[in-house]
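Each protein sequence line maps, in turn, to chains V and R. Under the working numbering, think of the first position of the first sequence as 1, with each following residue one higher. Under the working numbering, think of the first position of the second sequence as 1, with each following residue one higher.
Just so you know, these hints were derived from the structure itself, not from any lab. Please note that a few of the clues may not be correct.
As the list claims (entries may be wrong) - Now the in silico label distances, taken between C-beta atoms and shown as ranges:
{"hint": "1", "chain 1": "R", "residue 1": "Ala159", "chain 2": "V", "residue 2": "Pro356", "range": "32 to 40 Å"}
{"hint": "2", "chain 1": "R", "residue 1": "Phe42", "chain 2": "V", "residue 2": "Asn230", "range": "54 to 62 Å"}
{"hint": "3", "chain 1": "V", "residue 1": "Thr237", "chain 2": "R", "residue 2": "Arg90", "range": "29 to 37 Å"}
{"hint": "4", "chain 1": "R", "residue 1": "Gly66", "chain 2": "V", "residue 2": "Ser414", "range": "24 to 32 Å"}
{"hint": "5", "chain 1": "V", "residue 1": "Ala407", "chain 2": "R", "residue 2": "Thr216", "range": "52 to 60 Å"}
{"hint": "6", "chain 1": "V", "residue 1": "Tyr209", "chain 2": "R", "residue 2": "Glu67", "range": "30 to 38 Å"}
What the hints assert, rightly or not - With a straight-line Cα cutoff of 16 Å, these simulated EDC-like cross-link-like pairs (lysine to aspartate or glutamate) come out:
{"hint": "7", "chain 1": "V", "residue 1": "Lys241", "chain 2": "V", "residue 2": "Glu183"}
{"hint": "8", "chain 1": "V", "residue 1": "Lys402", "chain 2": "R", "residue 2": "Asp62"}
{"hint": "9", "chain 1": "V", "residue 1": "Lys402", "chain 2": "R", "residue 2": "Glu20"}
{"hint": "10", "chain 1": "V", "residue 1": "Lys128", "chain 2": "V", "residue 2": "Asp174"}
{"hint": "11", "chain 1": "V", "residue 1": "Lys157", "chain 2": "V", "residue 2": "Asp284"}
{"hint": "12", "chain 1": "V", "residue 1": "Lys82", "chain 2": "R", "residue 2": "Asp213"}
Each residue gets a CB set at the ideal place from its N, CA and C atoms; glycine is no exception.
What follows is each chain in one-letter form.
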Amino acid sequence: MRSAGRVVGAGIAALLVLAGCASGSQSTTTDNTPITLTLATFNKFGYSDAMLAQYHTLHPNVTVVQNIAATSQAAQDNMFTKLAAGSGLGDVEAVEVDWMPKLKQYGNLFVDLTTTDTKSRWLDWKTKAATVNGRLIGAGTDIGPEAICYRSDAFAKAGLPSDPAGVTQLLTGDWNNYYSVGERFAKANTGVAWFDSAGATFQGLANQYHNFFEADDGSVVATTNPDVKNAFVSVLTASSKSSAHLQEWSTDWNAGLANGAWATMLCPSWMLGVISGNGPKIKDWKIANVFPNGGGNWGGSYLTVPTQGKHTKEAKELALWLTAPEQQIAAFVTTGNYPSQVGAYNNPALTGATNPYFGNAPIGQIFADRAKAVTVTPYKGVKYAAIMQAVQDGLTRVESRKQTIDASWAQVVSDIKALG
Amino acid sequence: MTTSTVVVRALSRRRFAIRENLGRWDVKYSPYAFISPFFIVFALVGLFPLAYTGWVSLHSWDLIGGEGGWTGFENFAFVLQQRQFWVALRNTMSIFLVSAVPQLIVATAIAAALDTNLRNRTFWRMSVLLPFVVMPVAVTLIFGSMFGERYGLVNRTLAEVGLGPIRWHTDPLASHIAIATMVNFRWTGYNALILLAGMQAIPRDLYEAATIDGATWLRRFFRITIPQLRPTVIFVIITATIGGLQIFDEPRLYDQNGLGGEDQQWMTMTIYLYKLGWTQLNFGRAAAVAWLLFVVIVAIGLINLALTRRIASAGAGR
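Next comes chain R alone, as it looks inside the complex (with noise of 0.2 Å):
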C-alpha cells in the first residue's frame, strides 16, 4: 500500500513536471510554430529558388539537358562583357524612371482627390482600380497597335494636328515612353488606392488644426500628408521599384517578336534573361543575369529607402 502510494505521488510528480515543460515548451516555442508557415513557405518559394539560381548560374546548365558541369564565374564574366546586357540594364533603369517617377507623382495627386468630400466615392475608387483589372496582354495589344509607327492611332493623330511621326518602336525613348505608358495605364490607379488608405489613416485634428491656423490646402497637403504618407510611400516606392525593374509582360508584347526590338531599344533585363534561358536554352547565363538583376534591385532599393527617408523625415522635421 505504502508502495502504490509513493508510486502514485511519484507518477503524479512526474506528470505535473511534463506538463510544466510543456507549459514552458508553450510559452518558449509556440510563438515560432505560430509565425512559421510564413517562413516556411518564404524558405520554399523565396530562398531556395534564389539559392538554387545562384547554384545553376555557376554551372553551364541547358534548359532541358540540365547540369553540364561546374564553370565557376564564367557565366557572370561572359553576361558582363555582352553589349545586350548593358543595353538591356540602360533600358530597364530608363523605363523604370519614366514609369515609376510620373506614376507616384499622378497616383499622389489622384489620392488627394478622392480624399476629398466627394460625392458617389466608391464609384470613383473603383474606376480607379479599373485598368488593373484589365489583363496586361489585352492592354499591351492594345497599346502596341496604338503605337504603330505608319497605321497607329497616336501617330495618325499627330498627322491629323500637324505634328511629325514619332517613331514609337525605333527610337529608344519613345519606345521606352510608350511602354511606361502601358505601365502607368495599369499601376497609377492601384497606387493611388494605396496611398489613399494611407492618407486616410492620417489624423483629421491635425488638418483642423492646420486650418485654423489659416494654412491653405496647398500648404496642408505639403506640410500633412506628404509627411505623414511617408511609411505608405516608402512601401509603395519599394515595390514600385521590385515590380518596375522586373518589367517583362509590356515589352515582351510590345512587338510581334518580343525580344526587345531589333536594336534591342527596349529589351529590358527579364527579356534578356528570357531570350537566354528559353530561345538559346542557356539557363546559366540566364540564372546569372537573373542574379544580377537581384543585385541591382537591392542595390537601387537600399538608394531609395535612403533618399525617401530623407526626404520624408526632412519635411516632418520642418
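For reference, chain V alone in the conformation it holds in the complex (with noise of 0.2 Å):
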C-alpha cells in the first residue's frame, strides 16, 4: 500500500536521470580483461547452466549470469521502465514477439545484430518482426507453432476417437469444426469442458489474419474489421457451451489444469511445458498434428543488446551464440521452445525429438509440421498488445456473466477508441 510511494518514486528517478539525459557509455574492452555479461530471460527459455558454463569455456574471460523473470508482464514493465530510466537493463534482455512493436519505434537504443551469418539464419517473418530501418534489433530465439493437446480419457469417456491420428482426423477442418466438435462433446456430459477460456481460443483466430488490429500503416482498424467482430462472437457463442471459463494464466486457470478441468486446448509448443508443469498428476494429455483453420503462430522471442550496456560487443556475440540453431536446439530438447532458425529444421537431434509426459509424442516433427502449416503473418503494430488486452477483457467480461456479447462487445469498441 504505501510502497506505491516507491513506484511512484522510481518513476521520478527515471524522470531525473531522463532530464539529465545521461547516455550509455560504450566502453570497447579489450579481449582478455574479465566481464560479467547479465542474460535477462522470463519464463523458461531453455538456457540451462550447463550451456551459459560451455560459453564460459569458450570464452573464459566472460562470465554469464541469468535473471529470469516470473511473467513476460513482469519482464516487459521492468524494461520500459529500465529504458526511460537510460540504465539498468541486463547486457542482454529477451524481448516478447508482442510487445516487440513497441521496442521498435526506440530501435536506436538497441544493438544492430546483423553481421554476414545472421542474414539468412531465421525465417524471413521472424527477422522481419525485429528489423528498423535495416537494423536488426532482435536475434530470434523460438516461435510457438500450434497444435491441439487434448486429453485422451476424456476423448474416450465421450464416445470420441482418442488417439492422435483419430483426433488429428476428427479436428481438420475449420473453427465451426472445432466448434461443433465441442457440442458433441458437451452433450456427453463428462464434467469436463471442451476449452478452458474463450480469451486463449481467440488468440488462435487472431493469429491466423495479416491485419487483424491494425492496418500495415499502423493505423487500428480493430473496431471496424468484420473478422475481429465475428471471431469476438463466433469463440462466445461456443464459450457458452464448451468452455472452462477460467482465464488464462489466472490462479483458477492453473488450478483448472491441475485438476483437467478442460479437454482441449491450443498448443504452441512452448505450452507443452507448462501443462507438463502444471498437471503432473493428469496422465492422458497428447498432441494432435492438426490446427484449426490451417495453421498459426502465438508468441515467440527474441534477445536484444541494449545500448546502455557497458560490453555491447561482448553481449551480441553471446546473444548471437545463443540463437544459434545448435543451442536452440538444446532449448527445444528442454522445455520445448521450437526453434526459429531454419539451420535447426533438419537436425536429427530436433526432428526426432519425442516427450515423454505427451505419450512419448514425436514433437520435433508435430512441430515441424505445424510450423510449415503456417501461412500468414500477423501485422502487430504499436498498439497490438493493448488492444489485444482491450479484447480479452470484453471476452471476460462475457464468461463471467457480467455483461452480454453486445454490451461488452460496445465497452471494447469504447475501450480500443480511448487508446487513441
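Take the two lone chains and join them into the complex the hints point to.
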C-alpha cells in the first residue's frame, strides 16, 4: 500500500535521469579483461546453467549470469521502466514478439545485430518483425507453431476417437468444425469442458489474419474490421456451452489445468512445458498434429542488446551464440521452445525429439509440420498488445456473465478508441 | 610606532566587528542551516517531482521518447472524459473506505487490549507487527489464491458449510473486500502500535481519578482514551488516507494481468496511472492522473482533518 510511494519514486528517478539525459557509454574492452554479462529472460527459455558454462569455456574471460523474471509481463514492465531511466537493463534482454513493436519505436536504443551469418539464420518473417530501418534489433529465439493438445481419457469417455491420428482427422477443418465437435463433446456430459477459455481460443483466431487489429500503416482497424467482431461473437457463442470459463494464466486457470477441467487447448510449442508443469497428475494429455483453419503461430521471443550496456560488443556475441541453431535445439529438448532458426529444422536432434509426458509424442516432427502450416504473418503494430488486452477483457466480461456479447463489444470499442 | 599601534587597534577593531557580525549571523541564520537538510531533501524528492510531474502533464510526453510538445490541459481533459478514470476513482474510494474504517476500529481495539496489564507484553506487541514484516507481494500471492473463485480456499470453505461461492474476482464489491482484507492484514497491527504509543502517553492519574469516581472501563475508554488520543488518531487517519488512496501493490497483484480486472472492477487510480504511463507509454496522461490523484488526496485529507477535529473536540468538550 504505502510502497506505492516507492513506485512513484522510481518513476520520478526515471524522470530525473531523463532530464539529465545520461546516455550509456560504450567501452571498448580489450579481449582478455574478465567481464560479467547479465542475461535477462522470463518464464522458460531453456538456457541451462550447463549451456552458460559452455559459453564460459569458449570465452574464458566472460561469465554469464542469468536473471529470470517470473512472467513476460514483469519482464516487459522492467524493460520499459529501465529504458526510460537510461540504465539498469541486462546486457542481453529477452523480448516477446507481442511487445516488440513498442520497442521498435526506439530502435536506436538497441545494438544492430546484423552480421554476415545472421542474414539467413531465421525464418524471414521472424527477422522482419525485429528489423527497423534495416537494423536487426532482436535475434530470434523460438516461435510458437500451434497444435491441439487434448486429453485422451476424456475423449474416450465422450465416445470420440482418442488416438492422435483419429483426433487429428476429427479436428481437421475450420473453427466451426472445432466448435461443433466441442458441442458433441459437451452433450456427453463428461464433467469436463471442451476448452479453457474464450480468451485463449481467440488468440488462435487472431494470429491467423495479417491485418487483424491494425493496418500495415499502423492505423487501428480493430473496431471496424468485421473479422474481429465475427471472431469475438463466434468464440463467445461456442464458449457458452464449451468453455471452462477460466481466464488464462489466472490462479483458477492454473488450478483448473492441474485438475483437468478441460479436454482440449490450443497448444503452441512452449505450452507443452506449461501443461506438463501444471498437471503432473493428469496422465492422458496427448498432442494432435492439427490446428483449426490450417496453421497458426502464437508467441515466440527475441534477444536484444540495449545500447545502455557497458559491454555491447561481447553481449552481441553472446546473443548471437545463444540464438545459433545448436543452442536453440538444446533449449527445445529442455523446455519445448521450438527454434526459429532454419538451420535447426533438418537436424535429427530436433526432428527426432519425443516427449514422454505426452505419450512419447514425436514433438520434433509434429511442430515441424505445424510450423510449415503457418502461412500468414500477423502484422503487430505499436498498439497490438493494448488492443488485445481490451478484447480479452471483453471476452472475459461475457464469460464471467457480467455482460451480454453486444454490451461487452460496445465497451471493447470504446476502450480501443480510448487508446488513441 | 604610533602608526603601528593605530593599525593594530584598527585591525583588532575590525576583527572584533567581524566576530560580532559572525556571532549575530550565527544566532540569526544557523538555525536555518540546522533545519535545512529536511527542506533540501523535501525540495528534491517532494517538491521538485511534484512540480515536474505538473510540467509533464501539460505536454505530450512519451515514457521513453520524452517530450513531444506543449498540449496545455489536453491530457487532463482527455483523462477526465474517460469512463475508466471515474471507475478508478470509485474503486479507490470504495477500497479505501472498506479498508480504512474497519482497520482503524480494530487497530484501536487491539491497542486498548495491549494497553492493559498483559503477561508477556512484548511478545504480544511483536506478534501484532508480524504481518507487517511479511512482503506485500507474498501476502498478495497467498490471498490472491485464497480468493480464487473456483478453487480458492475461501470459496471451498463456504461450499463446505453450504454457502454459495462469492465471485471475488468478478463482483466489484467482493473484489474490494478481498483487497481490503490484504491491506488490513498488513496495516492493522502497524496502526495498533502507533495508537498504543499514543495511549501510553495518556497520564495515568486521569484513569485513577475516573476509577475512583466509579467510571466503568467502557466509559473510561470513550471519555478519556479516545479524546486524549486525538493527535495520534489524526496522524493515523491522515497517513491511512494517503496510503489508502495510493494503494497499488495489492490490486496490481490480485490477478495475473495486474490491470484491475476485465471490467476494471478493482482498477485503482494508481493502476490506471500505471496503465497509461507504462503500458501505453503515455507519460503525459499518466502525469495528469498523478496530479488529479494529488488533488483528491489533499481534498480528502482536509475533510478528514475537519471531521476528526470536530469529533475529537466534541468528545473532549463534554
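Evaluated hints:
1. R:Ala159 with V:Pro356: 32 to 40 Å: holds, 36 Å
2. R:Phe42 with V:Asn230: 54 to 62 Å: This hint holds: roughly 57 Å between Cβ atoms.
3. V:Thr237 with R:Arg90: 29 to 37 Å: holds, 32 Å
4. R:Gly66 with V:Ser414: 24 to 32 Å: For Ser414 (chain V) against Gly66 (chain R), whose Cβ atoms are near 29 Å apart, the range 24 to 32 Å holds.
5. V:Ala407 with R:Thr216: 52 to 60 Å: For Ala407 (chain V) and Thr216 (chain R) the Cβ distance comes to about 57 Å; the hint holds.
6. V:Tyr209 with R:Glu67: 30 to 38 Å: Hint holds: Cβ distance 36 Å, inside 30 to 38 Å.
7. V:Lys241 with V:Glu183: Holds - the C-alpha atoms of Glu183 (chain V) and Lys241 (chain V) are around 7 Å apart, at most 16 Å.
8. V:Lys402 with R:Asp62: Measuring from Cα to Cα gives roughly 35 Å; hence the hint is violated.
9. V:Lys402 with R:Glu20: Cα-Cα ~79 Å, so violated.
10. V:Lys128 with V:Asp174: violated, 28 Å
11. V:Lys157 with V:Asp284: holds, 12 Å
12. V:Lys82 with R:Asp213: violated, 66 Å
Hint compliance for this structure: hints 8, 9, 10 and 12 are broken, all remaining hints hold.
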